[in-house]
Amino acid sequence: AQSVTQLGSHVSVSEGALVLLRCNYSSSVPPYLFWYVQYPNQGLQLLLKYTTGATLVKGINGFEAEFKKSETSFHLTKPSAHMSDAAEYFCAVSSGGYQKVTFGTGTKLQVIP
Amino acid sequence: GAGVSQSPSNKVTEKGKDVELRCDPISGHTALYWYRQSLGQGLEFLIYFQGNSAPDKSGLPSDRFSAERTGGSVSTLTIQRTQQEDSAVYLCASSLSMPGSGNTIYFGEGSWLTVV
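For the protein sequence lines, the chains are A and B, in the order given.
Just so you know, we're using my numbering here: the first sequence kicks off at 1 and counts up by one.
Just so you know, we're using my numbering here: the second sequence kicks off at 114 and counts up by one.
It should be emphasised that the hints constitute simulated quantities derived from the structure, not laboratory data.
In this text the structure is predicted, and so the values were computed from the model without any measurement.
A virtual CB, placed ideally from N, CA and C, is assigned to each residue, including glycine.
Just to be clear, a hint being listed does not mean it is correct.
Said to hold, decoys possible - So the derived label-pair ranges between C-beta atoms look like this:
{"no.": "1", "chain 1": "B", "residue 1": "SER120", "chain 2": "A", "residue 2": "PRO40", "range": "18 to 24 Å"}
{"no.": "2", "chain 1": "A", "residue 1": "ALA54", "chain 2": "B", "residue 2": "GLN197", "range": "45 to 51 Å"}
{"no.": "3", "chain 1": "B", "residue 1": "SER151", "chain 2": "A", "residue 2": "GLN45", "range": "19 to 25 Å"}
{"no.": "4", "chain 1": "A", "residue 1": "PRO113", "chain 2": "B", "residue 2": "SER151", "range": "42 to 48 Å"}
{"no.": "5", "chain 1": "A", "residue 1": "GLN45", "chain 2": "B", "residue 2": "VAL125", "range": "23 to 29 Å"}
As the list claims (entries may be wrong) - Simulated pairs of lysine to any residue, SDA-like, Cα-Cα distance not exceeding 20 Å:
{"no.": "6", "chain 1": "A", "residue 1": "LYS108", "chain 2": "B", "residue 2": "HIS142"}
{"no.": "7", "chain 1": "A", "residue 1": "LYS108", "chain 2": "B", "residue 2": "SER151"}
{"no.": "8", "chain 1": "A", "residue 1": "LYS108", "chain 2": "B", "residue 2": "GLU222"}
{"no.": "9", "chain 1": "A", "residue 1": "LYS108", "chain 2": "B", "residue 2": "GLN150"}
{"no.": "10", "chain 1": "A", "residue 1": "LYS49", "chain 2": "B", "residue 2": "GLU127"}
{"no.": "11", "chain 1": "A", "residue 1": "LYS108", "chain 2": "B", "residue 2": "GLY153"}
{"no.": "12", "chain 1": "A", "residue 1": "LYS69", "chain 2": "A", "residue 2": "ASN24"}
{"no.": "13", "chain 1": "A", "residue 1": "LYS58", "chain 2": "A", "residue 2": "LYS68"}
{"no.": "14", "chain 1": "B", "residue 1": "LYS124", "chain 2": "A", "residue 2": "SER95"}
{"no.": "15", "chain 1": "A", "residue 1": "LYS49", "chain 2": "B", "residue 2": "THR217"}
{"no.": "16", "chain 1": "A", "residue 1": "LYS108", "chain 2": "B", "residue 2": "GLU157"}
{"no.": "17", "chain 1": "A", "residue 1": "LYS49", "chain 2": "B", "residue 2": "SER210"}
{"no.": "18", "chain 1": "B", "residue 1": "LYS170", "chain 2": "A", "residue 2": "GLN2"}
{"no.": "19", "chain 1": "B", "residue 1": "LYS170", "chain 2": "A", "residue 2": "SER3"}
{"no.": "20", "chain 1": "A", "residue 1": "LYS58", "chain 2": "B", "residue 2": "THR217"}
{"no.": "21", "chain 1": "B", "residue 1": "LYS170", "chain 2": "A", "residue 2": "SER95"}
{"no.": "22", "chain 1": "A", "residue 1": "LYS49", "chain 2": "B", "residue 2": "VAL202"}
{"no.": "23", "chain 1": "A", "residue 1": "LYS58", "chain 2": "B", "residue 2": "GLY215"}
{"no.": "24", "chain 1": "A", "residue 1": "LYS108", "chain 2": "B", "residue 2": "GLN154"}
{"no.": "25", "chain 1": "A", "residue 1": "LYS58", "chain 2": "B", "residue 2": "ASN216"}
{"no.": "26", "chain 1": "A", "residue 1": "LYS108", "chain 2": "B", "residue 2": "VAL202"}
{"no.": "27", "chain 1": "B", "residue 1": "LYS170", "chain 2": "B", "residue 2": "GLY153"}
{"no.": "28", "chain 1": "A", "residue 1": "LYS49", "chain 2": "B", "residue 2": "ASN216"}
{"no.": "29", "chain 1": "A", "residue 1": "LYS69", "chain 2": "B", "residue 2": "GLY129"}
{"no.": "30", "chain 1": "B", "residue 1": "LYS128", "chain 2": "B", "residue 2": "VAL229"}
{"no.": "31", "chain 1": "B", "residue 1": "LYS128", "chain 2": "B", "residue 2": "LEU152"}
{"no.": "32", "chain 1": "B", "residue 1": "LYS124", "chain 2": "A", "residue 2": "SER80"}
{"no.": "33", "chain 1": "A", "residue 1": "LYS49", "chain 2": "B", "residue 2": "GLU181"}
{"no.": "34", "chain 1": "A", "residue 1": "LYS69", "chain 2": "A", "residue 2": "HIS82"}
{"no.": "35", "chain 1": "A", "residue 1": "LYS108", "chain 2": "B", "residue 2": "ASN216"}
{"no.": "36", "chain 1": "A", "residue 1": "LYS108", "chain 2": "B", "residue 2": "PHE158"}
With the rest of the complex left out, here is chain A (with noise of 0.2 Å):
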């Protein structure tokens, strides 16, 4: 069985300041963990995802999220945010062939000017 926890339905942060959501996971096999951004009235989109290699992850809008298998994380971070990061970000987990993607229950990030 897999699943994802996203700690925090809601952030928020300062204009400028550090970005840190927080997503951890469950999953008896390797995993293949995604951030997906949903801007308001859209559709999500793939932010980043890690799949094998690399365990630092570089996605659009200069966000960044690291896979650290020893605390089963997956935590997204931007360096500064911006008025336009503001939305919501959703974790999601799978464990391989043609099981379906488990989605965590998203955090709203509000940015501050």
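Mind docking chain B on chain A? Use the hints.
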């Protein structure tokens, strides 16, 4: 098409009526998902189609909800006897086969359903 296409984009229906929501996935994508997103809520998994395999219906909230996928392409989500709590955005998504192998899932813009 270039992306996942959903129709209608907006639907207002009266309580008790049936509605059909359509999803046209990206050409060649054999995996197709339906999710529901209620106001202020996260993604709620509804159903998953993978090729010719039996769909995973474990997320359908009641027997009023059903979905089919014809010819391995277009999918229709049907809600019978709609209730006000069915009001939500219904998102369709697709990916290449074996989504569990790290293939990106592509989402449509959603169908906004309002039951009055």
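Hints versus structure:
A hinted range of 18 to 24 Å holds for the C-beta pair SER120 (chain B) and PRO40 (chain A), which are about 21 Å apart. In this structure the supplied range 45 to 51 Å holds for ALA54 (chain A) paired with GLN197 (chain B), their Cβ-Cβ distance being about 48 Å. Taking 19 to 25 Å as the suggested C-beta distance range, the pair SER151 (chain B) and GLN45 (chain A) conforms, at roughly 20 Å. Checked against the hint of 42 to 48 Å, the pair PRO113 (chain A) and SER151 (chain B) fails, with Cβ atoms roughly 29 Å apart.
In this structure, GLN45 (chain A) and VAL125 (chain B) meet the distance hint of 23 to 29 Å, their C-beta atoms being roughly 27 Å apart. With a CA separation close to 29 Å, the supplied pair LYS108 (chain A) and HIS142 (chain B) exceeds the 20 Å bound. For the suggested pair LYS108 (chain A) and SER151 (chain B), the alpha carbons sit about 14 Å apart, so the restraint of at most 20 Å is met. With a C-alpha separation of about 18 Å, the suggested pairing of LYS108 (chain A) with GLU222 (chain B) holds against the 20 Å cut-off.
A C-alpha spacing of about 14 Å is found between LYS108 (chain A) and GLN150 (chain B), which places the hinted pair at or below 20 Å, so the restraint holds. Note on LYS49 (chain A) and GLU127 (chain B): the hinted pairing is violated, with a Cα-Cα distance of about 41 Å set against a maximum of 20 Å. Taken as a hint, the LYS108 (chain A) and GLY153 (chain B) pair is honoured in the structure, with Cα atoms around 10 Å apart against an allowance of 20 Å. Restraint check: the Cα-Cα separation between LYS69 (chain A) and ASN24 (chain A) comes to about 10 Å, which is no more than 20 Å; the hinted pair holds.
For the hint pairing LYS58 (chain A) with LYS68 (chain A), the CA-to-CA distance comes to about 15 Å; that is within 20 Å, so the pair holds. Our distance criterion of 20 Å between C-alpha atoms is broken by LYS124 (chain B) and SER95 (chain A), whose separation comes to about 36 Å. For a cut-off of 20 Å, the pair hint linking LYS49 (chain A) to THR217 (chain B) stands: about 8 Å separates their Cα positions. Annotation: proposed proximity of LYS108 (chain A) to GLU157 (chain B) holds, straight-line Cα distance about 16 Å (limit 20 Å).
Pair hint LYS49 (chain A) plus SER210 (chain B) holds up; C-alpha atoms about 17 Å apart against a cutoff of 20 Å. A hinted pair counts as satisfied when its Cα atoms are at most 20 Å apart, and LYS170 (chain B) with GLN2 (chain A) qualifies at roughly 17 Å. Distance hint between LYS170 (chain B) and SER3 (chain A) is fulfilled; the C-alpha atoms sit about 18 Å from each other, no more than 20 Å. At most 20 Å may separate the alpha-carbon atoms for a hinted pair to count; LYS58 (chain A) and THR217 (chain B) meet this at roughly 15 Å.
Restraint check for LYS170 (chain B) and SER95 (chain A): satisfied, since their Cα atoms lie roughly 19 Å apart, inside the 20 Å limit. With a C-alpha separation of about 25 Å, the suggested pair LYS49 (chain A) and VAL202 (chain B) falls outside the 20 Å cut-off, and the hint is violated. Of the supplied pair hints, the one linking LYS58 (chain A) and GLY215 (chain B) holds, its CA atoms being roughly 16 Å apart against a limit of 20 Å. Note on LYS108 (chain A) and GLN154 (chain B): the hinted pairing holds, with a Cα-Cα distance of about 10 Å set against a maximum of 20 Å.
Of the supplied pair hints, the one linking LYS58 (chain A) and ASN216 (chain B) holds, its CA atoms being roughly 17 Å apart against a limit of 20 Å. Of the supplied pair hints, the one linking LYS108 (chain A) and VAL202 (chain B) holds, its CA atoms being roughly 17 Å apart against a limit of 20 Å. Of the pairs offered as hints, the one joining LYS170 (chain B) and GLY153 (chain B) is violated, with about 24 Å between alpha carbons and a cut-off of 20 Å exceeded. Annotation: proposed proximity of LYS49 (chain A) to ASN216 (chain B) holds, straight-line Cα distance about 9 Å (limit 20 Å).
Distance restraint check for LYS69 (chain A) and GLY129 (chain B): the Cα-Cα separation of roughly 49 Å exceeds the 20 Å cut-off, and the hinted pair is therefore not satisfied. Proximity of LYS128 (chain B) to VAL229 (chain B) is assessed by CA-CA distance (about 6 Å); at most 20 Å being required, the pair is judged to hold. At most 20 Å may separate the alpha-carbon atoms for a hinted pair to count; LYS128 (chain B) and LEU152 (chain B) meet this at roughly 18 Å. Between LYS124 (chain B) and SER80 (chain A) the CA atoms are separated by roughly 39 Å; this puts the pair beyond 20 Å, and the hint is violated.
Restraint check for LYS49 (chain A) and GLU181 (chain B): not satisfied, since their Cα atoms lie roughly 30 Å apart, outside the 20 Å limit. Restraint check: the Cα-Cα separation between LYS69 (chain A) and HIS82 (chain A) comes to about 29 Å, which exceeds 20 Å; the hinted pair is violated. Only pairs whose Cα atoms come within 20 Å are accepted, and LYS108 (chain A) paired with ASN216 (chain B) is rejected, the gap being roughly 25 Å. Restraint check for LYS108 (chain A) and PHE158 (chain B): the C-alpha separation of about 19 Å stays at or below 20 Å, so the hint holds.
Consistency with the previously given hints fails for numbers 4, 6, 10, 14, 22, 27, 29, 32, 33, 34, 35, ordered from lowest to highest.
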